[in-house]
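Undergrad: Based on the sequences and whatever the hints tell you, model everything.
For reference, the chains in residue letters:
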Amino acid sequence: MKTTRRVTQFGFLALTLVGVFVLRGNAERWCPFGGVEALYAYLDEGNMLCSLAVSNFSMLAAVVLLAVILRRAFCAYACPIGTISEWIGRAASRLGIRARTIPAATDAVLRKIKYGVLAIILYFTWSLSELEFRAADPCFALISRHGEDITFWAYVVSALIVIGSLVTTIPFCRWLCPLAAVLHPFSRFGLTRIRRAPDACTGCQRCSAACPTAIPVHALKEVTAARCMSCFNCLNACGGTKRDALLWGPIRPRAVQWPPAIAVLVLLVVIGGAAAWASFVPFPSFTHVAPDRPDQPPTTAFAELKFDGLTCRGRATLLAYFLERDDEFTVNGYLKLEAWPAPTAASVRVTFDPTASSKDAVIAALSEPYFDRVADTWRVPPFRNMLEEN
Amino acid sequence: MKVRHASLILSIAVATVAPFAVLAGGTSSAAEFFARGQSLLRSGDFAGALADFAAAARSEPDNETFRQEHALLRRIVDLRESMATLDDGKKWQAAALALRSYYVDHALLEEVLLIDQQAHARLANAESAARLADTQIKLGRDDDAVRTLSGLTAKDQTLQTRVLLGIAFAHTGRIVEARSLADGVPVADAGPGLLYDLARLHALLKNHTVAIGLLTRCFESTRPSRLAAFKDYAKSDKDLSGIAALPEFASALATASKVKESDCSSGTSCGKCPSRDKCAGKSDTKPKSGTGKP
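From first to last, the protein sequence lines are chains R and S. So for the first sequence, the numbering used here puts the first residue at 344; every next one is plus one. So for the second sequence, the numbering used here puts the first residue at -2; every next one is plus one.
Since the hints were made in silico from the structure, they are not lab data. Hints are supplied without guarantee of correctness; some may be wrong.
[Stated by the list, open to error] In silico SDA-like cross-links for lysine to any residue, where the CA-CA straight-line distance does not exceed 20 Å:
1. Lys702(R) / Arg72(S)
2. Lys87(S) / Lys649(R)
3. Lys87(S) / Val717(R)
4. Lys257(S) / Thr206(S)
5. Lys649(R) / Val717(R)
6. Lys87(S) / Asp670(R)
7. Lys228(S) / Thr252(S)
[To be verified] Computed list of chain S residues with no C-beta within reach of chain R, every gap over 10 Å:
8. Phe43
9. Asp84
10. Tyr230
11. Ser233
12. Ser238
13. Glu245
[Claimed, not checked] What follows is a set of in silico ranges between Cβ atoms, one per label pair, in the way DEER data are often shown:
14. Trp620(R) / Gln35(S): 25 to 35 Å
15. Gly389(R) / Thr155(S): 51 to 61 Å
16. Thr687(R) / Lys88(S): 35 to 45 Å
17. Lys88(S) / Ala618(R): 44 to 54 Å
18. Gly615(R) / Pro221(S): 32 to 42 Å
Beta carbons: idealized from backbone N, C-alpha and C, even for Gly.
TA: Structural data, given as structure tokens:
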């Protein structure tokens, strides 16, 4: 099982790195915590924050579903930050740097910090409708390719995680991760459990020593702690009779035991399903309806376009502004804009009244240079019409 | 064995370097297209420049400058073609202002002159005369500028036309006439444009202290966002060459703006702007002068 988990971790980390650095994709749109951050804005105004997409919600749903089934398995198998942090700790151990054991009472206090982190992030993000902490986000430091919003602080936080991981086991995941705080209520009532068979247990405490989240497995009949990541380190370390002192299975019936490999299968199906759903049912990340929209015309037409330079919600707002202009490029029959901001070739769908306007008029409004009489200067919209160039 | 190793290393080296060489080649040809396009544009060959800008933008699609200059020139070419069929006077004027702005930005002074001549032929007012004369002065056609400005009736003359006429006189050696125009120009409510031109005139008349004082006031009344460009322009203005070496000129260049930045959001249009009324008629919304002065 140890190998299976490591292969899974490697797979997700490799997928992330290839997606970011080779395919140069927008990995941020797959971050489940992005779904938490954008939730309020989406419910309030129907738009995602910054360059987040509705796929963030599908990933959040997947991770919550996983928490309900497999506790915090996402953290142990799929999260790149968790993987890097864990591997750094393992490398440090091989180099002879011993991980410090934090006293249980201190650990209990430190574990509460993540709720404060979550509360602060959500307060500012939801009230200001901006990803206020993105500039210091270690995950953004990893996936943004040193993007325009990144600051020195993101690397400072990343460096602290690296240093922390050298001296103790996955400190960020245990104490600071806001996504972990979101998952805990679901994980606490997770549908699978690790159980200890007292008859077979020798009391060697290897299970507790192996637990990355410091759960005293040897003293429990059943691991109900929300921080259990279903990593099965305890099962692997178990020194009980025939190594069956620890079992993993559903909460009911208690006697049923499952092979741990099922966890990986469930994880892949749930995350893969969420990714597929987000890809095949793409809800727009940004929607704008013309404020002085006329009564719904008998027929409507769509302009399906691809634009470079439409990277975030701010740019999508600018796009809507261009569609509402009242100069020579006015789009008279403009009704609705739906956009999927992306680093390159962002999709745009403009609904308009074909009796009042045309697709060419929409394209001209969004991409043609225009003369700004107030500033006495020519301006070129930041959007490049990809379809026209092809 | 050694030969095999050597050929393997050579193959790897070629495979590594080749893509960069191809990329570098693409970049170089794009830059060459763009440079040739700029050269054609300067010579007035708009169609040729457009073709080269298009080639540059195609060769290097991620280059924002190439893309923007191509899109802009394509629009300018369309606008130039549409001018001939524009019957509506207001539309013609708007198009002329837009074209003029492009020509000024790209230092196409002959094109500026052409559009100023057409505009003055249509409008024949102080504003169109001042623009045309300013361009003529810049092109060294001071006699033409004198004729343009002298053609205005007394009631059409403004402080701006008077100062420009003074500059044209100073350039053609008619110092006495130039001095009489320079004296007594009221500057209490003058905007930065008039202050600057008056500073030019006084510099040409060797009234260095007055010129420096006017220049300082000009910079003080210029919006912060335009100040740096204005100062750069002043540094290379031949009319100010007589004072450029003075330490007071350097002090004038260090002058800070004393006016607030415009509230203009610089959006697509002022149609929906709540500050629209405040902007209308402001001196800094006037088109650029033919000299390229900000």
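Undergrad: State for each hint whether it applies.
TA: Here's how the hints hold up against the structure:
1. At roughly 18 Å between alpha-carbon atoms, Lys702(R) and Arg72(S) fall within 20 Å of each other, so this suggested pair holds.
2. A hinted pair counts as satisfied when its Cα atoms are at most 20 Å apart, and Lys87(S) with Lys649(R) does not qualify at roughly 35 Å.
3. With a C-alpha separation of about 16 Å, the suggested pair Lys87(S) and Val717(R) falls inside the 20 Å cut-off, and the hint holds.
4. Our distance criterion of 20 Å between C-alpha atoms is broken by Lys257(S) and Thr206(S), whose separation comes to about 27 Å.
5. With a CA separation close to 30 Å, the supplied pair Lys649(R) and Val717(R) exceeds the 20 Å bound.
6. Between Lys87(S) and Asp670(R), the direct Cα distance comes to roughly 14 Å. Compliance with the 20 Å bound is thereby established for this hinted pair.
7. Of the supplied pair hints, the one linking Lys228(S) and Thr252(S) holds, its CA atoms being roughly 9 Å apart against a limit of 20 Å.
8. With a least CB separation of 15 Å from chain R, Phe43(S) remains clear of the 10 Å interface cut-off, as annotated.
9. For Asp84(S), the condition that its CB be more than 10 Å from all CB atoms of chain R holds, with the nearest at approximately 16 Å.
10. Annotated as non-interface, Tyr230(S) keeps its C-beta farther than 10 Å from every C-beta of chain R; the closest such distance is 15 Å.
11. No beta-carbon of chain R is positioned within 10 Å of the beta-carbon of Ser233(S); the least distance is around 21 Å.
12. Consistency note on Ser238(S): stated as away from chain R, and its beta-carbon is indeed over 10 Å from all of that chain's, at 27 Å minimum.
13. Interface exclusion of Glu245(S) from chain R stands, the closest Cβ pair being 31 Å apart, more than 10 Å.
14. Checked against the hint of 25 to 35 Å, the pair Trp620(R) and Gln35(S) fails, with Cβ atoms roughly 50 Å apart.
15. Taking the beta carbon of each, Gly389(R) and Thr155(S) are about 54 Å apart, inside 51 to 61 Å as hinted.
16. Take Thr687(R) and Lys88(S): their Cβ atoms lie about 38 Å apart, and the range 35 to 45 Å holds.
17. A hinted range of 44 to 54 Å for the beta carbons of Lys88(S) and Ala618(R) is consistent with their spacing of about 53 Å.
18. Here the CB-CB span from Gly615(R) to Pro221(S) is close to 55 Å, at odds with the stated 32 to 42 Å.
Violated hints, listed in ascending order, are 2, 4, 5, 14, 18; each of the other numbered hints is respected by the structure.
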